[in-house]
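*Asks:* If you're matching them up, the sequences are chains Z and Y in order.
Sequential numbering of the first sequence, starting at 1, is according to our numbering.
Sequential numbering of the second sequence, starting at 1, is according to our numbering.
No lab work stands behind these hints, which were simulated from the structure alone.
There may be inaccurate statements among the hints.
Pair by pair, the computed Cβ-Cβ distance ranges are [said to hold, decoys possible]:
1. Z:Glu97 - Y:Arg175: 42 to 52 Å
2. Z:Pro88 - Y:Ser133: 34 to 44 Å
3. Z:Thr96 - Y:Arg131: 32 to 42 Å
4. Z:Ala266 - Y:Arg105: 37 to 47 Å
5. Y:Arg105 - Z:Leu47: 53 to 63 Å
6. Y:Ser133 - Z:Leu84: 39 to 49 Å
7. Z:Thr96 - Y:Thr66: 21 to 31 Å
8. Z:Ala266 - Y:Arg131: 28 to 38 Å
9. Z:Thr191 - Y:Arg105: 14 to 24 Å
10. Y:Arg105 - Z:Glu97: 31 to 41 Å
11. Z:Phe43 - Y:Arg105: 44 to 54 Å
Covered stretches of chain Z, going by a simulated chain Y footprint (3 or more residues, C-beta under 8 Å) [claimed, not checked]:
12. 96 to 102
13. 110 to 116
Here the structure is a predicted model, which means the values were calculated and not measured.
Ideal Cβ placement from N, Cα and C applies to all residues, glycine included.
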Amino acid sequence: MTAVPPTPPAAPERRRLRARSGRLPWVLVLPAVAAVAFLVLPFAGLLISAPWPDMGERLRDPEVLSALWLSLATATAATVVSLLLGVPLAWLLARTEFPGRRLVRALVTVPLVIPPVVGGVALLLVLGRNGILGTHLDAWFGITVPFTTAAVVMAQVFVAMPFLVISVEGSLRGADRRYEEAAATLGASRTTVFTRVTLPMVLPGIAAGAVLCWARALGEFGATITFAGNFPGTTQTMPLAVYMAMQRDPEAAVVLSLVLLLVSLAVLVTLRERWVNA
Amino acid sequence: MGSFLDADLRLSRGTFELHAALGAERGEILALLGPNGAGKSTALRALAGLVPLEAGHVRVGGRDETTTPVEQRPIGMVFQDYLLFPHMSALENVAFGPRCQGADRAQARERAAGLLEHLGLAEHAVARPGRLSGGQAQRVALARALAVQPRLLLLDEPMAALDASTRVEVRARLRHWLEGFDGTTVLVTHDPLDAMVLADRIAVVEEGRVVQQGTPAEVARRPRTAYVARLVGLNLFHGTAEGTTVTLDAQGEAETVEVRLPAPAEGPALVAFPPRAVALYSEPPHGSPRNVWQVRVDGVERFGDQVRVHLAGPPDLAADVSPAAVAELGLVRGQAVWAGVKAAEVECYGA
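If we strip away everything but chain Z, and leave its shape as in the complex, we get (with noise of 0.2 Å):
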């Protein structure tokens, strides 16, 4: 040791050391900036111009609750349809190769790029009482779907399973088939394959899959309003709810949007931190 610097580098000057990254390109940071203003500020709005003296008493409102009620059913209703029918095609989708696959999985997305009043206009071709399938049902059943609150979760299953589909056949794609392959030498059959081995590890992209697909069914309003009508208490879920205060009651609608929002946030978050994250 002969030459021992007489004080040990400061601070600053190893901060000189570190290769600078330039400055932010405000070509890109202005737009960042005004899209999240643009994402938010209408949720700043919301809550600004809320009601909030009489919000106890507005939330008690029976046609509030019922519509409420009626929303989180459906939506749930719909998930558990879309799992139960979505997680097995996601499986088909994914892990087989048959006639058509390609097809398949192209009409599958289909309804994530129609708009959903279109959605709700075919189904009420179908399903109608005059619909291609609806005449029968209605002549040899008895069994009148539109306009129903059966229409409702219909109409939500349509335009949310895909993205529950979707979701599940990626996760699928991205999980180590080897652990089936383990699972077959084992002598696990594919049913058991699947049941015992490739959905639990698969469970956190479902759990995802079933967060976006319950998000979307609580958002659904316009195959709603078109195939299952806009009854209270029997069809009429929230958005369509917020539609029609905001016609004769705008303050109404801001605190219905409120609890929509509030209730959409709460499920995402408690999900998130239990499934997603884990």
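Please build the complex by placing chain Y on the supplied structure of chain Z, with the hints as guidance.
*Replies:* The following block gives chain Y in isolation, referenced to the frame of chain Z:
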């Protein structure tokens, strides 16, 4: 009737072609030894039914399993990175197979607990795979494969993912762990030491072919390819024998080289001798060494407590000499020396 395991594996994937006939008896451990990409793991997967054969057969204990689906084959497999199910405890992992085979919950757990105990893992039964060390995870994977009571146990590179000290332990204890297993074990490895220590038979696989099959002693003493010779540390040459002389196949334009043998032989032959049988001289030696070639020093490296001298010929060969000899001869690259090998040290066998 063939052996307990009698397999003829033929398949192709792109330009790679596997064409391997394998056989082993009950209770034996067969090692598939070969360089990376030789097709060892593909052969193992073909035995398991995870990749389909294009031709050939797989027979285990006299039963044809060629077209049996994976889940019905009498196999247990330990994968290179174990593939323990991360959402199950060690015990549940091991009990998984018996459950699939129809055992009830209690039976399956009892068998799993017994195996974990045998492998010294009783206290880790409730642990998730993520909390196990590499060696422990491997033993759980072994227990899981044994739990289905296979007749064919397949181990894919069982040592590859272990650290050095765990490797030593596994090498020493695998036979103990396989006590009570009365089927055939097929083990894939690229490490000749694993193959020599663990296996009863070795099949050397190169470029999709079995180039040599025999006991470890046979393979170590009489390698058939340059790859095996290098693995077991022998000088190996191809040639043609006539009486007690083998004329080595000419390497390019070089002059032919002759090797004298301890006993007469005829026809195409392989000649092998260990590097430690090669003595080096600075002058042409007289007397006992019968084979003497003038060669040049190509490189010198440490090899245990000896020094390995690579020599450029013809013939190209390696010699192990003491550090003292290196100093005495003053060996440097490019220097001409005389290499001598006693005829009695030369092993000659049919090509």
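*Asks:* Confirm or reject the coverage of the stretch 96 to 102 of chain Z by chain Y under the rule of 3 or more residues with a beta carbon closer than 8 Å to the chain's beta carbons.
*Replies:* violated (count 0)
*Asks:* Are there three or more residues in the stretch 110 to 116 of chain Z whose C-beta lies within less than 8 Å of some C-beta in chain Y?
*Replies:* violated (count 0)
*Asks:* When you take the CB atoms of Z:Thr96 and Y:Arg131, is the distance between them in 32 to 42 Å?
*Replies:* holds, 35 Å
*Asks:* In this structure, is the beta-carbon distance linking Z:Phe43 and Y:Arg105 contained in 44 to 54 Å?
*Replies:* Check passed, 52 Å falls within 44 to 54 Å.
*Asks:* Kindly confirm whether 14 to 24 Å is satisfied by the beta carbon distance between Z:Thr191 and Y:Arg105.
*Replies:* Since Z:Thr191 and Y:Arg105 have Cβ atoms about 18 Å apart, the given range 14 to 24 Å holds.
*Asks:* Using the Cβ atoms, figure out if Z:Thr96 sits within 21 to 31 Å of Y:Thr66.
*Replies:* holds, 24 Å
*Asks:* Check the following: the C-beta atoms of Z:Ala266 and Y:Arg131 are separated by a distance inside 28 to 38 Å.
*Replies:* holds, 34 Å
*Asks:* How does the Cβ-Cβ distance of Y:Ser133 and Z:Leu84 compare with 39 to 49 Å: does it lie in that range?
*Replies:* holds, 41 Å
*Asks:* Are Z:Pro88 and Y:Ser133 spaced within 34 to 44 Å by their CB atoms?
*Replies:* For Z:Pro88 and Y:Ser133 the Cβ distance comes to about 38 Å; the hint holds.
*Asks:* 42 to 52 Å was suggested as the range; check whether the CB atoms of Z:Glu97 and Y:Arg175 agree with it.
*Replies:* Holds - the Cβ-Cβ distance for Z:Glu97 and Y:Arg175, about 43 Å, lies within 42 to 52 Å.
*Asks:* Would you say the C-beta atoms of Y:Arg105 and Z:Leu47 sit inside 53 to 63 Å of each other?
*Replies:* holds, 54 Å
*Asks:* State, for the Cβ atoms of Z:Ala266 and Y:Arg105, whether the hinted interval 37 to 47 Å holds or is violated.
*Replies:* holds, 39 Å
Comparing the model with each earlier hint shows violations of hints 12 and 13; every other hint is respected.
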